[in-house]
Each structure stands twice: as structure tokens, then as C-alpha cells.
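These protein sequences, in sequence, are chains Y and C.
For the first sequence, position 360 (counting from the first letter as 1) is numbered 360 according to UniProt numbering, and the numbering increases by one without interruption.
For the second sequence, position 10 (counting from the first letter as 1) is numbered 10 according to UniProt numbering, and the numbering increases by one without interruption.
Simulated crosslink set (DSSO-like; lysine-lysine; CA at most 27 Å straight-line):
(1) C:Lys44 - Y:Lys483
(2) Y:Lys166 - Y:Lys231
(3) Y:Lys413 - C:Lys44
(4) C:Lys56 - Y:Lys413
(5) Y:Lys355 - Y:Lys345
(6) Y:Lys457 - Y:Lys483
(7) Y:Lys457 - C:Lys44
(8) C:Lys44 - Y:Lys180
(9) Y:Lys69 - C:Lys44
(10) C:Lys56 - Y:Lys180
(11) C:Lys44 - Y:Lys345
(12) Y:Lys355 - Y:Lys316
(13) Y:Lys224 - Y:Lys97
(14) Y:Lys69 - Y:Lys345
(15) C:Lys160 - Y:Lys527
Per label pair, the in silico range of CB-to-CB distance:
(16) Y:Glu508 - C:Phe71: 50 to 58 Å
(17) Y:Gly425 - C:Met144: 29 to 37 Å
(18) Y:Asp35 - C:Thr17: 28 to 36 Å
(19) C:Ala52 - Y:Thr292: 29 to 37 Å
(20) C:Lys9 - Y:Ala186: 41 to 49 Å
(21) C:Arg54 - Y:Ser70: 37 to 45 Å
Because the hints were derived from the structure by calculation, they are not lab data.
This structure is a prediction, so every number in the text was calculated from the model and none was measured.
Yeah, the Cβ is synthetic: ideal placement off N, Cα and C, and Gly gets one too.
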Amino acid sequence: MTRTLMAAVLAATTALVTPAMAQERGGTMNFARYDGSRLIDPIYADRNPDIWMVGSLFDTLLRSSDDGKSIVGGLAESFEVSEDGKTVTLMLQSGLKFADGSALEADDVLFSLDRARNGDLGPWSGMLGSVSDVTADGQAITVSLSQPDPTILSMLATFNTSIVNKEVFEAAEGATDQDKSAAIFASASAGVGSGAFYMCGFEQGAAMDFCANEHHWEMGADGKPLPYLDKIHFEIIPDDATRILKLQAGEVDAVEFVPFSRVAELDADPAINMNLYPSTRIIYSPINTRETRADGSANPLNDVRVRQAVNYATNKDALIGLVLQGAGQPMTAPLMSSSTRLASKLDLYSYDMDKAMALVKEAGIEAGTKVTLTTLAGSSDDATIFAALQQMWAPLGIELVVEQVDGATRGAKNRSGEFDIHTYGWVDDVNDPSQVTGWLGYSPVRNAVGTGWESDKFNALFEASGTEMDQAARAQQYADMQKIYADAAPLLFMYETPFAVAVSTAVEGYVQTPLGANIFSRATVSK
Amino acid sequence: MAGLQYVLKRLALMIPTFVLVMIIIFLLVRLLPGDPAIAIAGDKASDADLAAIREKLGLNDPLLVQFWLFFTNTLQGDLGRSIMMRTSVSDVIIDRLPTTGFLALFAVSLSLLIAGPLAFVAALNRGKWPDTVIRTVFQVGLSMPVFYIGLILLTFLAAKLRWFPVGGSGDGFWGQMHYLFLPAMTVALYTSAIIMRNLRAAIIEVLDAEYVQFARAKGLPNRLILGRHVLRNALISTITLLGLSIGNLMSGTLVTETVFAVPGLGRLMLEAIFARDYPLIQGLTLTFAILVSIVFLLTDLFQSLLDPRMRLT
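Make the full structure from the sequences, and use the hints.
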């Protein structure tokens, strides 16, 4: 009885003191990155190493929920969409502050959203194309739309709509908006954002420091403002092997982009936690569907049966085993990863050599038909994919040859259509399927990711989905688009991969979201 | 006076070299496939965005106009703005130059420290076991790729034994010595193998020379013979080789600085090439050309000090 009572008292005492006592605060987390940030500004961030850091320095009015399936409040404590879908009203939290302690007010929101939708500035303004006006009345922000926009809440939770400090921004040196932005970034000072951290050190291409924002509005488990860490020190280490050695030597606490060939080894290390975060990353290969190649020769991949055949002949599980050491899964949604909202779950060209053989026979493919796979020079993943596909497609009579180029050349070839098929990847920037669907299938945007594939029905569905506020109807539109796309096979559908981040066992609470954003606000490093 | 004239003549000869380098690099960079606008805006950018970037960067201007702008601006000390860094190319280069300079000097010093004594030991024990051992070890060093040597050193000396940091460049003189020891040693192992072989052969040749035999016959102490007669004459060809090695070492920094995460000019060059950052590639190439030319000039000057006959050429 006494023991039970003591246990109860102990439990009660623990419950009372745990939030304050158990929550470790302070310290520095050393994080090794594969590439450095060049400009972390909501509207100019256009590379993943920039985009994925915006959320640490800035806040958005809304946020994606932890599972990525819904939208929750951020700087705005509440939000409401009007019945006609043309007005969004958001209520700002009171007492918000930027990292320098100055008040975050409605004026800053208007300034930031006007900047975000200014077509003369950053590349993301089109995402707010439906916004006709933004006004404020006290803490209430009204976003007026020219047409109903089912994506607007997701857009208000996307990095490019983050709130910047109007006063600090306008006072910055520089003649243009971009000059001011670059000057603020280079100065590495507090004040421009309200995120959990502010940038407090920067060495171009080598290192970067984030310091805790003591004025941040979000509270930790101990009832005090997040973040728990005092500081994050980023080191830029492009070489995979060196980055991992740095973790093994205890010089850093975390490394990102661990090659999948090293995952098992690090997983077995008792001093390291090997984390595989679910992502929206898909690895696929656009197929040139044009009637003729850029050099004028006949293109065998113009025949949908040949595209379907190569999809059937590709053993995705084998590829996942070879490239990802099993740490992935075959694509099941033709236009997106299975973690993206409205993703279909299809049997997307499961390995079936008989079907593949029948299709190439029907298409009249002759033995020795040459197809070129353009890959990234120096990428061991691409080299493995090529070697595997070469063998897998040989029975179809397709002689796969390789062309190795760098990223810039591959991008240029994709635009000009000077390729047969090339390796590619994608990570969503927005918590909505419209971005990836527009990229991969809507031909007016980029010729359906350079494939030259065009479907009037698909395009019409995509355009209609842009104003469809009925969720069930929109889901049906996306299901139809995915079916059309899967049947036409303008891609070699390959696999989804997680984000591989290895951290020391002293690290807790770090997360990489499915969109790739690095979340440090609840991270701790045991001393 | 003659020495000054020689230096001035050599400096004057550098001018056409630099102009030629500028023309070649300007054309080569533009022959590279890939579009800097895509490298800047990313694959997701619209065609309109790319067109606007090309216009802003002047990439739509005729090549001759672009070159003239590059040429005249460079003459005024303006290397342009880095596309990827969004800052002045000169500032970026000045920022990174000390690290690469330190690494290069450190690597050369280590090369000489390793190669010099061992070349003497090998030459003086020609055909005996010390000579065989030294030559075999260096042959292994020569036949291994630089990045592989680097990874081995990193794995054992840094990750396992933790004597040195895995990457970075360190602060202050001693900090840099500590951080850059492994990358410098990686380069030095390769460079010293070449220098050792050359110096050993030169020493053997000089040891057989008549004036050395004569010095011995005169009864001069061995230390004096080796220091004054053998080393001085054997160094002439080795210094030429060292000069050439520094040129190679500059290009070697591309790999070394990447493997060891050293934020220097070599790693920057690699990043600039991948990003199609034309102004930065041009600025870096010109910087490398200037540095190599200066090293060659110093090599010639040093040679002329050792061998007065060189001053006439």
C-alpha cells in the first residue's frame, strides 16, 4: 500500500515537474549539408537548399499539419473560406514579434503578400495568381480572389508567402527588391523574419549559423518559446563520404542526403540514428513522345505501346534493391508520390515481361532499336539505373545506350526535346497536387515535363480542377487525370524515395517534412 | 639592372598570355552545353522567366559585345557579379584565395620536406634496400588517385584516430595548419613522389659529375660537397618540375577541396561550372592563370639565381 502510494506520489510529482525538468534546452546542433544556401528569401528561394530553410527563419500565416494531409493555423490563429470560395479571412495572433523584438503587424502581412504575388519579382508569383487583393482591418486579413481557388489555403502555407518585416526590408541597402533581399541575407542579422531562428552567421558556400529567436510565438513542451536549441551551425560538405565521416568522427550531429548504399551501415552504428523521413520525392524518367527526335529521325517512343512496354519491362523492385538498397517503394500514383494529397493507388506497370513482349511485337519494334538514356555524369544511382535498364529492356529488342551529362545540360535537353529518355526527380514545394500535376502533365506549362505529350482531356480536367471547390469532385478530377496519364505513359514510372538523414543518438526532435523542409524548432542535442 | 630587365620582360610577356586566356575561357564557357538561365532559375522556371534572365545577364547580346564588355571591365578590375553568389566575383575570389593559397603553400612545403631528404637517402644508397623501399612506396603514392588517398587519410587519421578534423579550413595560422594538414598531405604525397624521383635522378647525375669527383679528390667534407655542389645543381631541374607541379596542384584543388570540404577556389570553380556561372568561371580561370604565371616567373627567377647562365635567356 505504501509502495503504491509512493509510486502514485512519485508519478504525480513527475507529471508536474516533467515538462519543465525533462525538456533539455540550449546547445548547438552541428548539421552537415550537401549544398549551401545562397539566398533564403521567401520569394527568391528557388533551389531546395534555400527553400528548405525558409521555414526556420520565417513564418507563414498557415501551416501544413504534421502528416501533410491538412492545413492548420500558423501566424494566423484562425482562418475561414467564404461559401463562394472567393474570400479567405484570417485572424492574426496578437503579440507577434519579429526576431529583433519589433511587432509583426498586418502591414507586414500586406507587404509580404503583395511582394509574393508581384510577377516582376520572384518565380513563385503564379502560385498566387488567383489573388486579386489583400486588405487588413486590425488583426483581420482578407485575401480576395478573382475566382474560387481550391489551392489557396495550401498556398498560404507555402514558403513563398512567409511574412517579412516591412520596415527592415525597406530600410535595407540596394536599389531593387532583389538587391535589398541579398543585402539582408549577406548581413546575417536578426529582424527580417519571425521564425524560430534568425541567421546570425554566413560564410558563402562554407558555413551558416542560425541563432534562437527568443521572441518566437510558438511554445515548447515546457511552456517557453521554441526553439530548444541556442544555435544551429551548418557546414557545407558536398562529398557524401566526407559528410558521413564527419558524423562518425563526432564532429557534426547530423548529415543530410545520406546515399542509400550507406544506410544499412549507418543504421547498424549504435552511435547513430539513421532516419528515413517520408517524402514527396519521386524518381522518374520523362520519355520523349514526339513523332520525331530532335535530329529528325523516327522516334520509336512516340508509340504508346513501346512506352507501356518499357514500363512493364522495368522491374521497379529490382531497381529499388539496386539503387536504394530497398529503402523505397515503386510509384503507385502516376503524377505524384503516394504521400501527396489526392494520390491514386494504382497497379502502375507492375513487372510483366510477357505483356511487355506482346506490346513491342504489336508495335513492330525491330531487334537492335537504339534508345538513348541521358543520365547525370558522376551519379552512381544513374549509372546503376542505366546498367539495370539496359539488361531489362534487351529482351524487348531495345538497345539502350547511355549519354552522360551534367545537370544544366540535362535541363537544357529536357526543354529542347533533345533526348529519348532521361533520369529526373521531383519534390513537391506545395502541399497540394496541383504543382506536380501541372509540371508533369499539363502541356502548356512545360510540354508535360519536356515529353511533348499532350492530352486535351487532361488539360481540360486540370484547368477545371483549378477552380473546383467541391473536394469530392476535385478528387475525381485528379483520379481521372492520373488514369489518363498512366495509360499514356509519358514517363518511365520508377520509385519514391525517403529523405535519408543520419543523426547522432544525442539528437532528438529534428524532422524533415515530406516537402523537404528542415524543422529544427523542436530539435535538441543532449549535452 | 639586367635582372630587373629580365623581370620586366617576363611581366610584359604575361600580358598576351592573359589576353589569350581571356579569349579562350570566354569562348570555352559559352561552348559548354546547358543554359545559365536554367542553372539560375531551376528546371521549374517558365520560358518567360528564362528569357528575362538571359536578357538581364546580357546573354542575348552578340558574342563580340559580350566579350568586349568582359574584356574592358576586367581591365578596370571589375570581374562582374557572380550569378550564383549574387555578389562581386572579385570579392568572392579575394575571400577564398587565402585558403587555397595556404593549402598550396602547405602542400608544396610538405612535398619538399618529404621528397628532399628521401631523395638524398635514395640517391646516396643507389641500388640498395633503402633506395628500393623509398622508390616502391612513392610508386604506390603515384599510382593512387588523389581523392582515394584523401579518403584513406580521412578515414584513419581523422575519423578513426581523430588526430585531425574531417573537413573545413580552420581559423588563424595554427587552426589552418591543423585543418589543412590532411588535404595538404594528400596533395603532397602525390607531388612529392614526382619530385623525389626527379631529385633522386638529378642527385645521382650530379654525384657522377667530374666537378664533384674533383671536390672529393680535394678532400672537401662530404656535407659541403652535398650542400654546395650537389644540391644546388640537382635543384635546377627540380625547381622547374616544382613550378609545373604547382600548376597541376591548382587544378588538383578542385578534387582535394571538394573531398576535404575546404572552402577554397578549387571547390568554388567546380560549383561555378555546375551552375554555369560564366562571370565566376571566367574570374577564377583568370585568377588561376595569374597565379600560375607568377609561380612560373618565380621559378625562372629562382633558377637564374642557382644557374647564372639562365639570366642570358
